[in-house]
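Let chain E serve as the given structure and place chain Y on it in line with the hints.
Residue numbers (my numbering), protein chains in the order written: chain E, 48 to 447; chain Y, 10 to 544.
Simulated from the structure, these hints should not be mistaken for lab results.
Careful, some of the hints might be misleading.
Below, in silico cross-link-like pairs of lysine to aspartate or glutamate (EDC-like), each with a Cα-Cα straight-line distance of 16 Å or less [claimed, not checked]:
| no. | chain 1 | residue 1 | chain 2 | residue 2 |
| --- | --- | --- | --- | --- |
| 1 | Y | Lys-346 | Y | Glu-234 |
| 2 | E | Lys-181 | Y | Glu-437 |
| 3 | E | Lys-181 | Y | Glu-234 |
| 4 | Y | Lys-346 | Y | Glu-436 |
Chain Y regions said to be covered by chain E (calculated; three or more residues, Cβ under 8 Å) [stated by the list, open to error]:
| no. | segment |
| --- | --- |
| 5 | 351 to 362 |
| 6 | 423 to 430 |
Since we're looking at a predicted model, the values are computed, not measured.
Virtual Cβ for every residue (Gly too), placed ideally from N, Cα, C.
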Amino acid sequence: MNTLPPPLQAAIIACIIGSNAVAADPLTNPNLYHDSLLRPSAIVAGRYVAPDGTLLANAAIVLEDGKIKEVVPAENLEMTAGVVRRPDGVLSPGLIDVLSSAGAYGKVHESALAVDPGVSAIDALDPRHADFRKAVEAGVTTVVLAPAPINLVCGTGAVVKTDMGRGASVLRDDGPLFLALGPSVWQPDREPTSRMGSVAMLRQVVAEAGSGRGHRRLQEFVAGELNGIVLCGELPDLSAAIRTMGAGQARFAVAYNGDGLGVVEDLAGTGIPVILGSFAFESTRRALSLPAALTSADVPVALAGNLPAASRKALRLSAALAVRYGMDAAKARQAITATPAAVAGVADRVGAIRSGLDADLVVFSDDPLRPDAAVLEVYINGVRVFADADQVQALAGDPQ
Amino acid sequence: MTGTFCQIRPLASHLRPVRDRVGLAPMLAALLLPSSIAAAQLFERATVIRGARVVLADGTYLDPGDVLIKGEKIQEVGAKLELSFADRLTAKTIDGSGKTVTPGIIDAWSGLGRAGAADQPDATASAWDAFNSYAMDDFSEARQNGVTAVFLSPGGNPGIKGLGVVVQLRVNENGSAGKLLAPEAALCIDLGSEESAIARMRTFQSVRKKFRAAVDYRKSLEDYEEELKEYLEKLKERQGEKQKGEDTGKKGAKEESPPKEPEKEKPSEKPEPTPGESERSPVGSGDFVDVMIQAKLTSTSADDSSDAGAARKDEPAPPDASKKDGDDKKKEDEPKKPTKPKFDPASEMLLRAIDHKLPVRIEAHRSADILNALELADEYNLDTILEGGTDAYLVANRIAEADAPVVLGKTTRTELFEPNEFRRHREENAAWLGHWGVPFTIGTGGDPSAARFAAANAQLALSSMPIARDRNSIAWLRAVTSDAARVIGVGDRIGRLHKGMQADVVIWSGDPSDPASRVEQVLVAGKVVYPLPEN
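Next comes chain E alone, as it looks inside the complex (with noise of 0.2 Å):
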């Protein structure tokens, strides 16, 4: 039957458990580095995600200096020379994983203080983890990486870009101020120790920020330099955050996993982002539900990957199964891209495919919202980090 020698086949069963990157990464395979495909001067899609989420067709996106110098239709375009053309393929901005623990070397909170500012999610990342190659394959380009939800203040995300061991590519290393609420801030051997203490202890941290005390990132925050992103665990935990600096200068998105359709009552019209997610297949139809009845609502809503603790598709799954539950599918694509941007403070560099951005770019054999859409080409800062021609290979058999 289909039996290969051996050694080949441990050559293949090698590739595979390997990784299917390998090939694809420069510092490894130094042949890639004369593909001038590596680094294009132009990318010709069939269709490509606008700035508003909706798909439409036949774009060129001309890159220059790793970034995007401008979108023009296809057939204006006149260079010739290092244009990736997929006729077949969507364009999308690279996914943004809005919270995750990606590239987490150890713990990452500490859990002496309640109120714990000065910590850096920066510090406990490892530049070289494997949770990027990962991200990457996934069509993920930018993850932050959130300080877990133990302490009331938990200190700065940081976001960074998945090519982290390739090159310099931290998009901001002190910030956003992530804040907790709810029942994993509450400890048994230091305050607060319930949702009343906790939340009588953000106001008071609040005040204190609000009145030049305190620790300088508090100070920003509650001034409105720093923005911030509140994980709350549980409903009236979301309605405490809102409660208590809704009405003030603060910047803030709030993230929420549960499925209490009371949360549209608290956002709607405070023009606060929200951060649902990550879905899996275990979710409720009301968790499921949400994401459609907050955008109804005019509710901005980020979904969110946890990547590593869900699996590298979580992000895009999380992002069809909204649709499936009656998300409108742009809203559903901005989720996952400009939305979670504008949320960590980068809507600036990544996000969206305009020009002036930094070109992190993905192509997808189709609407990325379709679970069985691959990930076929990624780009960051203009350079290619992963082709799927590879896996393919690898799937034919060939060793190489």
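Chain Y alone, transformed into the frame defined by chain E:
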């Protein structure tokens, strides 16, 4: 009268309150036609879906195509179907323009509606007994996502777990859900990949022992038949001798009652040990060394079983023995009646699997367990289906050689290190099986809440497959419809839009691969189950 009522019922809406129908039905029957049977045939109201994009069994589209449904079944699929006069008058037409019609989605490894599991594995248990047909929310959400049939394995601890069943998600008259489509779809075995190495060895050993015991059991039954024949012959012989003696002497053979049918006799006072159980197994108590020795014995000595058979043969006092001491008392001279082996339902079940009357479905995740499963299948020449197969890509060539289909489970798992059976989980698993030509389908792994996403799960599993790159391809759909039906043994009834198949049909607002498409209507066995009409 009830006959009339039942036959004509499809004419009236099945949701109308019963008292309305009782009056209406006989009246109509009386008015329209003399014979109620003829009435039923003529007036079984057909449903026809017109002008839709119809997905055919080979994965191609018929666009535009029509689907004619009559009763529980699909009457015809084709372009611009001509209806009979009666159908033209009465058929309910669904406008399918712009819509896609697919077979109902089948979750080939489901936990939908499972309300419990046995603690101890039991070959005679059935997954149907743990099915909660009133888990309404779960069923309605499953139907809303296009799922119309599921394969349920019995839950519980590793070992031979019992019968898996196929349930069609009908809405029954009493509001409950589910009809047993295949009550004996497979004999389910779990090799317990989640357990420690020693526990896995023990599980496999116990499974194997049970198969050996079943073979021994059959042997003992056959021996019994033979001995019984001998015994009866002996009795006849003796009867003849006695008759002769009595003819010369005095008559009156009253004390000697003629031999009765042994089957009707009570079982003997001291029941024989069940073959293989206590007689020849020190393993039950679970000493590791014993397990090892036993494993060695089982794997090396094929003639072991014949030994056991011989030993068993000797056990009931052999008829020859009594022959020798002819000058003893008559009673001792009497041929001893053989004892019928105790009925063993578990072994009977395994024998059915060995006789190819029942496929065996083995849950195995680690590569070693998969190879063990293939070994068991080879040893007893079983019709094997592998379930789980997390490491299947590592031993795909061996699976291909054994020609065993694989039912994969949930595609998404955490990226964190898992020190369990999913340690080597890879989303490319399906692609590899496809590459090696292993037939496979994709279920949701027995998780009740995931069953509704059988379609999305299959889409994810096949996204790594080059064939999925073709925008017109619907490989994932085939995996969860016709392929799934074939693997779970109901390919002749569900899984395809074809004449004579059960009318399990999903009407999508657009391309079923696109999450933005809505499931607009679901029919199961020809009846609309989603959206359920309001009363």
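Hint check results:
1. Y:Lys-346 - Y:Glu-234: holds, 11 Å
2. E:Lys-181 - Y:Glu-437: holds, 13 Å
3. E:Lys-181 - Y:Glu-234: Distance of about 64 Å is beyond 16 Å: violated.
4. Y:Lys-346 - Y:Glu-436: Since the Cα atoms of Lys-346 of chain Y and Glu-436 of chain Y sit roughly 62 Å apart, the hinted pair is violated (cutoff 16 Å).
5. 351 to 362: violated (count 0)
6. 423 to 430: holds (count 3)
The structure fails to meet hints 3, 4, 5 from the earlier list, while all remaining hints are met.
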